[in-house]
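Enquirer: Listed below, chain by chain, are the residues.
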Amino acid sequence: MSSLLEVDGLHVWFEPPHGPPVHAVQGVSFELEPGERFGLVGESGCGKTTTVLALMGLLPPNASLAGQVRINGTNILARGEDSVRPYRWKDIAMVFQGAMNALNPVKKVGWQIAEPMTFHGIAEGNAALKRAGELLELVGIPARSAERFPHEFSGGMRQRASIAMALACEPKILLADEPTTALDVMVQAQILELLTKLSDELGLAIVLVTHDLPVVAQVCGRAAVMYAGEIAETGPMEALYHAPQHPYTRLLFAATPDLYGEDAVTSIPGSPPRLDRQFAGCPFRPRCDVPMDRCAHDHPDLLQLGGGHLAACHRAGAPSERLAEAK
Amino acid sequence: MSDTQAFVPPASGSPMPGPGQAPATADAPARAQADAVRTAESATGAPLLEVRDLVTHYPVRRAMTAALARRPRRFVHAVDGVSFSLGRGEMMALVGESGCGKTSTVQTILGMVKPTGGAVRLNGTDLAALSERQMRPMRRKVQMIYQDPYESLDPRFRVRQTVEEPMLVHGIGKSAHERRELAIKALEQSGLTPADAFLDRYPHELSGGQRQRVAIAAALVLGPDLLLADEPVSMLDVSVRAGVLSLLDNLRKTADMGILMITHDLSTAAHFADRIAVMYLGRIVEQGTASAVVRDPQHPYTKALLSVVPKRDPRDRSVPQILTGETPDPVDVPSGCRFHPRCPIAVDRCRTDDPAFRQPAASSAGHRAACHLA
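If you're matching them up, the sequences are chains A and E in order.
Sequence positions in the first sequence follow my numbering and run 1 to 327.
Sequence positions in the second sequence follow my numbering and run 328 to 701.
Keep in mind that the hints are not guaranteed to be accurate.
What the hints assert, rightly or not - Taking CB as the label site, the calculated pair distances span: (1) Ser618(E) x Ser64(A): 31 to 41 angstroms; (2) Asp200(A) x Ala396(E): 52 to 62 angstroms; (3) Met439(E) x His299(A): 45 to 55 angstroms; (4) Leu58(A) x Ser645(E): 34 to 44 angstroms; (5) Leu437(E) x Met292(A): 46 to 56 angstroms.
Stated by the list, open to error - Calculated pairs, EDC-like style, for lysine to aspartate or glutamate (alpha carbon to alpha carbon, straight line, at most 20 angstroms): (6) Lys630(E) x Glu193(A); (7) Lys630(E) x Asp601(E); (8) Lys512(E) x Glu492(E); (9) Lys638(E) x Glu201(A); (10) Lys441(E) x Glu492(E); (11) Lys441(E) x Glu459(E); (12) Lys108(A) x Glu124(A); (13) Lys197(A) x Asp623(E); (14) Lys580(E) x Asp601(E); (15) Lys172(A) x Asp263(A); (16) Lys638(E) x Glu6(A); (17) Lys90(A) x Glu6(A); (18) Lys172(A) x Asp8(A); (19) Lys172(A) x Glu31(A); (20) Lys638(E) x Glu178(A); (21) Lys638(E) x Glu238(A); (22) Lys638(E) x Glu262(A); (23) Lys90(A) x Glu115(A); (24) Lys172(A) x Asp212(A); (25) Lys638(E) x Asp263(A); (26) Lys630(E) x Glu653(E); (27) Lys197(A) x Glu137(A); (28) Lys108(A) x Glu152(A); (29) Lys638(E) x Asp623(E).
Simulated from the structure, these hints should not be mistaken for lab results.
These numbers come from a predicted model, not from an experiment.
By construction, the Cβ of each residue, glycine as well, lies at the ideal position given by its N, Cα and C atoms.
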């Protein structure tokens, strides 16, 4: 039995006009069941957004892909971007970062929500506009607002409208790329509550891309921590927070202030490696606080730790005294 | 312009004129006066920054017909009676949603916007009463760090130029060599070491955290008493935020500065600020030490804000108390308590009486809230 979404060994390379190709995503695999909420976290430039854009077939022309993305067992990347198009919006939809830029400023909001329905032959004309109104109601905006333009909406309303647009063709999978980053805490809470409700009630599977670990901790059941285009650690959220096996996961949590946390907040020295060159060994080694000799030349593969918990660290599974101490 | 006043780097204390150096420039008397005022005031114990009943209103543009019909002018009540004070070496966080007046408050303190009413006193001097010329030396004392270091740095300026420009504007440093030395000192103070390696770089060659440190160095080079930081880390990567915040935390101690930080992130405020002031619709609705506000909130708005902050621990999923709707239009401020239309516990009295800003019975000293029911 195949899962709703299976990403299997996804690679993405970008060919810049000058210089060597950038290996932005390096063998990412994860799967998703209906109604599940999965977080994709990491610093900027670690490949989170590139991964979800690849799933939507929205990468720029200078990108090349390898690996499989299967929806209910069918590989949608089989013939490159062309084979994604029938699935885009219909099976897999996306809410973009910065909703203000995702909406067309000169088209009424209702029309923009109706457009993908027309394209996929789900509804046309007035029926599509009526459905757009219903979708706006679903995300908590009065249906009559369909007649308004994006600039008449507040930031939170625009983000809701772009969620309504993504839901237009009743997708099974929703990719949400930093959906709350530009929003206030109260509006963020409203949007997160809406996403949670949609997955609980409609069985929508959600991939939540964010750099904000507490948001993922509160919303998602499972998550993957990405570093340098790879998954460094993945598993149930509880395991990632309470028993992280990759130093990067532990350090990311330590860099995030908690409202009631007493422990010092510490930054992670250094910056992620450039992805336009091959590196030997573990990509996190230069920033790791517990490196070993073998990390310099031996690339760690994702190791099964049971219960869906995997980590790409030579220390994973057998926590050293120092790692335990650091916790 | 030539200025003979010695520049004393921020770390080494107050920038008083060096011995044997006659003030020779036009604004030197003003500066000497300002310094004299400051010395007098610090002796009397006036706080570094004192904001009293600050009001900033912006007129709403009227349609021509409205103007002809002589309909009354309407105003955006951006800041509507804000009072607080900030001491040296202290960090205070101003938190609240967009449009609550945080940024207008800071812009008024900076003198970018003229206050409609109230006073902003820096070391006891009322800034609104100063002329442009008298204001100039004061501006040096109040510096600003902006949210987005990708926008706030001139992309065609090398780091050296960015850090030296404020010195040229304010006539600090006698020679190019001296300015270079001061720039290096400020960069190293901001954690960019060795500074030599950064001087000739352009912003695009730096990471977000490094850019924000350059912006901080450009502020430090003037030896400010007060640093205003508008969301200083919200555009930065999680991994470097703590570093920039710790830098600010250290600077206020080593450089004896007061820091007023605007943020919407209560977790950051709780960790790094000494005191928190929560703003809603142009007013401070609750103020106190960071731990008192976070652990013992008195105002229902503060309680709601705290409840929606996501916690790091996935097991710690408290039920968020989500307020419906958004902040009301600051042109039509609600009657009585301005929070009552969204307040979950509002009673009749809240619709008519504006609550006083007072210390709730069971709270610690200095903890105040504007709520009838606190």
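Enquirer: Are the hints correct? Go through all of them and say.
Expert: Status of the hints after comparison with the structure:
The hinted range of 31 to 41 angstroms is not satisfied by Ser618(E) and Ser64(A), whose Cβ atoms lie roughly 53 angstroms apart. Between Asp200(A) and Ala396(E) the beta carbons are some 53 angstroms apart, a value that agrees with the proposed interval 52 to 62 angstroms. Between Met439(E) and His299(A) the C-beta distance comes to about 53 angstroms, which sits within the given range of 45 to 55 angstroms. Checking the proposed 34 to 44 angstroms range against Leu58(A) and Ser645(E) shows it holds: the Cβ atoms sit about 37 angstroms from each other.
Between Leu437(E) and Met292(A) the C-beta distance comes to about 51 angstroms, which sits within the given range of 46 to 56 angstroms. Simply put, Lys630(E) and Glu193(A) have alpha-carbon atoms about 18 angstroms apart, close enough for the 20 angstroms limit, and the pair holds. Restraint check for Lys630(E) and Asp601(E): satisfied, since their Cα atoms lie roughly 19 angstroms apart, inside the 20 angstroms limit. Proximity of Lys512(E) to Glu492(E) is assessed by CA-CA distance (about 15 angstroms); at most 20 angstroms being required, the pair is judged to hold.
This hinted pair does not check out: Lys638(E) and Glu201(A) have alpha carbons roughly 24 angstroms apart, beyond 20 angstroms. Using a Cα cut-off of 20 angstroms, the hinted pair Lys441(E) and Glu492(E) is violated, with the two alpha carbons roughly 26 angstroms apart. Between the alpha carbons of Lys441(E) and Glu459(E) the distance comes to roughly 12 angstroms, so the proposed pair stays at or under 20 angstroms and holds. At most 20 angstroms may separate the alpha-carbon atoms for a hinted pair to count; Lys108(A) and Glu124(A) meet this at roughly 16 angstroms.
This hinted pair does not check out: Lys197(A) and Asp623(E) have alpha carbons roughly 30 angstroms apart, beyond 20 angstroms. Proximity of Lys580(E) to Asp601(E) is assessed by CA-CA distance (about 12 angstroms); at most 20 angstroms being required, the pair is judged to hold. The straight-line distance between the Cα atoms of Lys172(A) and Asp263(A) is roughly 40 angstroms, outside the 20 angstroms bound, and the hint therefore fails. Simply put, Lys638(E) and Glu6(A) have alpha-carbon atoms about 29 angstroms apart, too far for the 20 angstroms limit, and the pair is violated.
Between Lys90(A) and Glu6(A) the CA atoms are separated by roughly 17 angstroms; this keeps the pair inside 20 angstroms, and the hint holds. Between Lys172(A) and Asp8(A), the direct Cα distance comes to roughly 19 angstroms. Compliance with the 20 angstroms bound is thereby established for this hinted pair. Proximity of Lys172(A) to Glu31(A) is assessed by CA-CA distance (about 13 angstroms); at most 20 angstroms being required, the pair is judged to hold. Simply put, Lys638(E) and Glu178(A) have alpha-carbon atoms about 17 angstroms apart, close enough for the 20 angstroms limit, and the pair holds.
Among the hinted pairs, Lys638(E) with Glu238(A) is consistent with the structure: their alpha-carbon atoms are about 13 angstroms apart, no more than 20 angstroms. Between Lys638(E) and Glu262(A) the alpha-carbon distance is near 13 angstroms, which keeps this suggested pair within the 20 angstroms criterion. A distance of roughly 12 angstroms separates the Cα atoms of Lys90(A) and Glu115(A); the hinted pair therefore holds under the 20 angstroms criterion. For a cut-off of 20 angstroms, the pair hint linking Lys172(A) to Asp212(A) is broken: about 24 angstroms separates their Cα positions.
The hinted pair formed by Lys638(E) and Asp263(A) meets the criterion: a straight-line CA distance of about 14 angstroms does not exceed 20 angstroms. With a C-alpha separation of about 16 angstroms, the suggested pairing of Lys630(E) with Glu653(E) holds against the 20 angstroms cut-off. For the hint linking Lys197(A) to Glu137(A), the alpha-carbon distance of about 14 angstroms falls within 20 angstroms, and the restraint holds. Between Lys108(A) and Glu152(A), the direct Cα distance comes to roughly 10 angstroms. Compliance with the 20 angstroms bound is thereby established for this hinted pair.
At roughly 17 angstroms between alpha-carbon atoms, Lys638(E) and Asp623(E) fall within 20 angstroms of each other, so this suggested pair holds.
Violation of the numbered hints given earlier is confined to hints 1, 9, 10, 13, 15, 16 and 24; the remaining hints are satisfied by the structure.
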